[in-house]
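A.B. asks: Residues per chain are reported as follows:
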Amino acid sequence: MKHFVIASVLVIVVTVLIILGLGSIDLVPNLASAEGEYVDLMFRAQLYVISFIFALIIVFILYSVVVFRRKPGDTSDGPHIRGNTTLEITWTVIPLIVVMGFGVWGALHLSEITAQEPNELVVEVTGFQFGWRFEYPDYGVNSSELYLPRDRKVLFRLTSTDVIHSFWIPEFRIKQDAVPGLWTELRVTPTQPGDYRVRCAELCGYAHSAMYAPVVVVEPDEFQAWLEGQEVGTPTPPEDLTPVERGAQLAEQQGCLSCHSIDGSTQVGPTWLGLYGSERPLEDGSTVVADEEYLRTAILDPGSQVVQGFPNIMPPAYTFLSDEELAALVAYLESLSD
Amino acid sequence: MTVLSLGIVRGLAAQIVGTALGMGLVVLVRVLMGLHAWEAEPATVVGAMLGTIFFMIGVGSMNDWFRWARGEATPIHHGPPEGRPSWTRYFGVDYSHKVIGIQYGVTAILLLLTGGALASIFRVELAEAGRQFLDPAVFNTMIGMHGWGMIISILLGIAAFANYLIPLLIGASDMAFPRLNSWAFWLNVPAALVFLTSMFVGGWDTGWTAYPPLSARAPLGMQLYFVAVFFFGISSIVGALNLIATILLLRAPGMSLFRMPIFAWGVLATSIIALTATQLIALSFIMVMMQRLLGMGFFDPAQGGNPILFQHLFWFYSHPAVYIFVLPGLGVISEILPVFCRKPLFGYKWVALSSIAIALAGFLVWAHHMFTSGMASFLRVPFMFSTLLVAVPTGVKFFSWVATIWGGKLTFPTPMLFVLGALSVFLIGGLSGPPNGIVTTDLFLHDTYWIVGHFHATMFGGFVFPFFAAMYYWFPKLTGRMYNERLGQLHFWLMTPAFWIQSLGQMRVGLLGMRRRIVDYDPALGIEGGQLAVTIAGLVIGLSVLIMLVNLVYSARRGRVAERNPWNSRSPEWQIPSPVPEVNYPDGLQVIGEPYDYGLPDSRYVNLQVAAAGE
Ligand SMILES: [Cu+2]
Ligand SMILES: [Cu+2]
Numbered sequence: 001m002k003h004f005v006i007a008s009v010l011v012i013v014v015t016v017l018i019i020l021g022l023g024s025i026d027l028v029p030n031l032a033s034a035e036g037e038y039v040d041l042m043f044r045a046q047l048y049v050i051s052f053i054f055a056l057i058i059v060f061i062l063y064s065v066v067v068f069r070r071k072p073g074d075t076s077d078g079p080h081i082r083g084n085t086t087l088e089i090t091w092t093v094i095p096l097i098v099v100m101g102f103g104v105w106g107a108l109h110l111s112e113i114t115a116q117e118p119n120e121l122v123v124e125v126t127g128f129q130f131g132w133r134f135e136y137p138d139y140g141v142n143s144s145e146l147y148l149p150r151d152r153k154v155l156f157r158l159t160s161t162d163v164i165h166s167f168w169i170p171e172f173r174i175k176q177d178a179v180p181g182l183w184t185e186l187r188v189t190p191t192q193p194g195d196y197r198v199r200c201a202e203l204c205g206y207a208h209s210a211m212y213a214p215v216v217v218v219e220p221d222e223f224q225a226w227l228e229g230q231e232v233g234t235p236t237p238p239e240d241l242t243p244v245e246r247g248a249q250l251a252e253q254q255g256c257l258s259c260h261s262i263d264g265s266t267q268v269g270p271t272w273l274g275l276y277g278s279e280r281p282l283e284d285g286s287t288v289v290a291d292e293e294y295l296r297t298a299i300l301d302p303g304s305q306v307v308q309g310f311p312n313i314m315p316p317a318y319t320f321l322s323d324e325e326l327a328a329l330v331a332y333l334e335s336l337s338d
Numbered sequence: 001m002t003v004l005s006l007g008i009v010r011g012l013a014a015q016i017v018g019t020a021l022g023m024g025l026v027v028l029v030r031v032l033m034g035l036h037a038w039e040a041e042p043a044t045v046v047g048a049m050l051g052t053i054f055f056m057i058g059v060g061s062m063n064d065w066f067r068w069a070r071g072e073a074t075p076i077h078h079g080p081p082e083g084r085p086s087w088t089r090y091f092g093v094d095y096s097h098k099v100i101g102i103q104y105g106v107t108a109i110l111l112l113l114t115g116g117a118l119a120s121i122f123r124v125e126l127a128e129a130g131r132q133f134l135d136p137a138v139f140n141t142m143i144g145m146h147g148w149g150m151i152i153s154i155l156l157g158i159a160a161f162a163n164y165l166i167p168l169l170i171g172a173s174d175m176a177f178p179r180l181n182s183w184a185f186w187l188n189v190p191a192a193l194v195f196l197t198s199m200f201v202g203g204w205d206t207g208w209t210a211y212p213p214l215s216a217r218a219p220l221g222m223q224l225y226f227v228a229v230f231f232f233g234i235s236s237i238v239g240a241l242n243l244i245a246t247i248l249l250l251r252a253p254g255m256s257l258f259r260m261p262i263f264a265w266g267v268l269a270t271s272i273i274a275l276t277a278t279q280l281i282a283l284s285f286i287m288v289m290m291q292r293l294l295g296m297g298f299f300d301p302a303q304g305g306n307p308i309l310f311q312h313l314f315w316f317y318s319h320p321a322v323y324i325f326v327l328p329g330l331g332v333i334s335e336i337l338p339v340f341c342r343k344p345l346f347g348y349k350w351v352a353l354s355s356i357a358i359a360l361a362g363f364l365v366w367a368h369h370m371f372t373s374g375m376a377s378f379l380r381v382p383f384m385f386s387t388l389l390v391a392v393p394t395g396v397k398f399f400s401w402v403a404t405i406w407g408g409k410l411t412f413p414t415p416m417l418f419v420l421g422a423l424s425v426f427l428i429g430g431l432s433g434p435p436n437g438i439v440t441t442d443l444f445l446h447d448t449y450w451i452v453g454h455f456h457a458t459m460f461g462g463f464v465f466p467f468f469a470a471m472y473y474w475f476p477k478l479t480g481r482m483y484n485e486r487l488g489q490l491h492f493w494l495m496t497p498a499f500w501i502q503s504l505g506q507m508r509v510g511l512l513g514m515r516r517r518i519v520d521y522d523p524a525l526g527i528e529g530g531q532l533a534v535t536i537a538g539l540v541i542g543l544s545v546l547i548m549l550v551n552l553v554y555s556a557r558r559g560r561v562a563e564r565n566p567w568n569s570r571s572p573e574w575q576i577p578s579p580v581p582e583v584n585y586p587d588g589l590q591v592i593g594e595p596y597d598y599g600l601p602d603s604r605y606v607n608l609q610v611a612a613a614g615e
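These protein sequences, in sequence, are chains P and L. Residues 1 to 338, numbered by my numbering, are exactly what the first sequence covers, in order. Residues 1 to 615, numbered by my numbering, are exactly what the second sequence covers, in order.
In isolation and in its complexed conformation, chain P is listed as follows (with noise of 0.2 Å):
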């Protein structure tokens, strides 16, 4: 019995002690939509308990190793206790009544997190090896960056035109797969204004590990001024359109643009800011000018020369463009070195 005491004491200790350590550092990513919250609750609560459970059972463990270790000499064996009903229904039957608790309360959290609201921005997602498009079809924009008005509950429709990707912001919290074929659905309030990044999680090939999307949260009235910003009705049709312009709409939405800034910036791969024209180095330690035939050949068959400093992830995928489609990307590409 002076055994027992001793060992639970020691378990409320440990559980305290890990509750406090798990609670110093910073476990999950900064919290950044009314959703997480349940999520973030229901972690902390599990936590607890995990703590608890994992006390309960280490200390105990380790008490005996220290203390009911055989003396030396000794060839004895133990006490002979076969087992005990009234004990091994209590330990069935409360961590029953607890898992229940927290199925019950997981429950109600999901029906919260999935509540539909009247006001929802509808924004369409399309996954695709490898990038994401946005669509917002009550305003008739399509954008390659998520813009999110902040507190305004969002609806996302997920579908993806080949694999299966999964559409995940981790400062949101919640993910959901866009599979091709259908309609998936998930919805998220944003509550903290700034800059995040869509992380697709589902394995989808080559490149999945880069297969990100900017994401802004901005205060509402913004998001109302970069809608109205962006391009607002049905695209012109592409021979109305000069090679350049075809070139930027093609970077859109052949989602290059997913991957190369226009602004200088590096993203997964080099800007194309003044990339025509400019002394790139490759990999294998040669430099070579970027003209035409550099560019051409760097959109259809990337892995033959590898920029320095960059991985070889760029999508092998691009031999579907049609001549014209190339040249209009080409052209494109020049313009940016003007």
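Everything labelled a hint here was simulated from the structure, so no lab data went into it. Hints are not guaranteed to be accurate.
As the list claims (entries may be wrong) - Residues of chain L clear of chain P, computed beta-carbon distances all greater than 12 Å:
| no. | residue |
| --- | --- |
| 1 | M49 |
| 2 | R179 |
| 3 | K343 |
| 4 | L420 |
| 5 | R481 |
What the hints assert, rightly or not - Keeping only pairs whose Cα atoms sit at most 30 Å apart, straight-line, the calculated DSSO-like set for lysine-lysine is:
| no. | chain 1 | residue 1 | chain 2 | residue 2 |
| --- | --- | --- | --- | --- |
| 6 | P | K71 | P | K153 |
| 7 | L | K409 | P | K2 |
| 8 | L | K409 | L | K349 |
| 9 | L | K98 | L | K349 |
| 10 | P | K71 | L | K409 |
| 11 | L | K349 | P | K2 |
The C-beta atom is built at its ideal place from N, Cα and C for all residues, glycine as well.
Given the structure of chain P, go ahead and fit chain L with the ligands onto it with the hints provided.
C.D. replies: Relative to chain P, chain L with the ligands alone:
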């Protein structure tokens, strides 16, 4: 003696011939149909299948069945083959459960080393942000090869111990169906070769889960992976059938089900799952194979198929598979603990029945892997409840183990250390489970490194640690010699802290946003320290396993000669000489008491009529 007298050599030669024939057949059919002659996919699939069948014939695993068909007598030959050195029996068809157990064990270790080597390579790639030396396509192939390589190594490792130990523990002379037993083992060899080949014909970039549509467009290696899993699966089903029959029918007189050594309960529960669930993964993979070969669009939305259907079929096996992997290991823990605590196993019946409860509940939870998949939203709630239920019998096991330890007279040789290590590691694995089972937190944790940490901890705590314990524990019984205790302790003290760091490190980076299965990660997440720690810990684990192998190989030849019952165990296998003679219990065996009545004076578990004659 010529090399061709070794079954495995004949089998390999036949596999090559069979593969060539299969490919030729496809070419022939295509030419006759007026198509262009060479099409890699069908040729490879048919070649791999025919090659495997040819191996099975070539190795001689079906000779007796052919003889039956011809009406010839097929007496079972006991002992090493006549006129050949005794080691050759391990390289061909032999019906002894002890030989087959060793064959399984060595194959399992070879696959474990392969899987471990792959992991070491890609962990080095992941030690730092930025791409170091692995092409993403190669990386993606390697994670899948690591995953399935380890899974099959676990399945074979379980089969190794089950085959070797179950007849010994229940007092039988062999398994119920010795020929089927040997057949089931040999099927793994050609399947493993097909599996390893998949890496070199384009690989497959889907991870072991092989979700379509990605798997429907993956390189050629994907098909070989499907073929290999199909044959591994057949072996697993047949092996399970054999174990169930053995446990139910061949127990010694007096051994009621509740007087079986507890390991047998674990194996029984595992075998029930393997016998009935494995078909589903084979089915799901065959359907993708057919989609690729014949254009049947089961999972292709453009043809009316549904990618989510695949996930249901796949997880209907692959969740219960987790319990296939851990139940025997948990049985090992329950088996070894009483010996080194010198106390009865606390609540034997509860521990035994909790294995069955876990096995049965395991069938009801598969869709907890699909909370984010896009299946009907309301389905998530019942699967959350069924998943949480599994925590209850698992808790019963834990509490019973602690109660077994409490107040005992503990000693700490290497097997006991690994059992305690298993408890601590399985505890992390078990406790990190419910957050994934509760839908809301899973929407955050799914497909992150938290999950990677969680399932590695369950696999290590439920399989790897217990089976290392088992290797040390039964090593004297297998070889008649003791392992080196110092090296054993070194292995433990390297591996356990390293595993803790690896596991907690994986969970930590996962919470911070590290996704599963990525070749490179965003340094902005602030996880570089964690990643490096996980890599170093992983390499230390690899090193410690090598130390174990050196220890076991060296000790098998040079170790101190072991006494008959070094652990002073009550179990029947320790009452007979080590290594176990060709015939397990020549004078029969009778159960006259409870298996774990340590501390009850003058009680015995079994009576061997000539027991202790040599002492
Ligand atoms: Cu993706
Ligand atoms: Cu599962």
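A.B. asks: Please go over all the hints and tell whether each is borne out by the structure.
C.D. replies: Each hint tested on the structure:
1. M49: holds, 27 Å
2. R179: Since the minimum Cβ distance to chain P is about 41 Å, R179 of chain L lies beyond 12 Å and the statement holds.
3. K343: Since the minimum Cβ distance to chain P is about 4 Å, K343 of chain L lies within 12 Å and the statement is violated.
4. L420: Not fine: 7 Å to the nearest Cβ puts L420 of chain L too close to chain P.
5. R481: At about 24 Å from chain P, R481 of chain L clears the 12 Å cut-off, so the statement holds.
6. P:K71 - P:K153: The given pair, whose Cα atoms are some 66 Å apart, is violated under the 30 Å limit.
7. L:K409 - P:K2: holds, 17 Å
8. L:K409 - L:K349: holds, 23 Å
9. L:K98 - L:K349: Holds. K98 of chain L to K349 of chain L sits at ~29 Å (cutoff 30 Å).
10. P:K71 - L:K409: holds, 8 Å
11. L:K349 - P:K2: With Cα atoms ~29 Å apart, K349 of chain L and K2 of chain P stay inside 30 Å; holds.
Consistency with the previously given hints fails for numbers 3, 4 and 6, ordered from lowest to highest.
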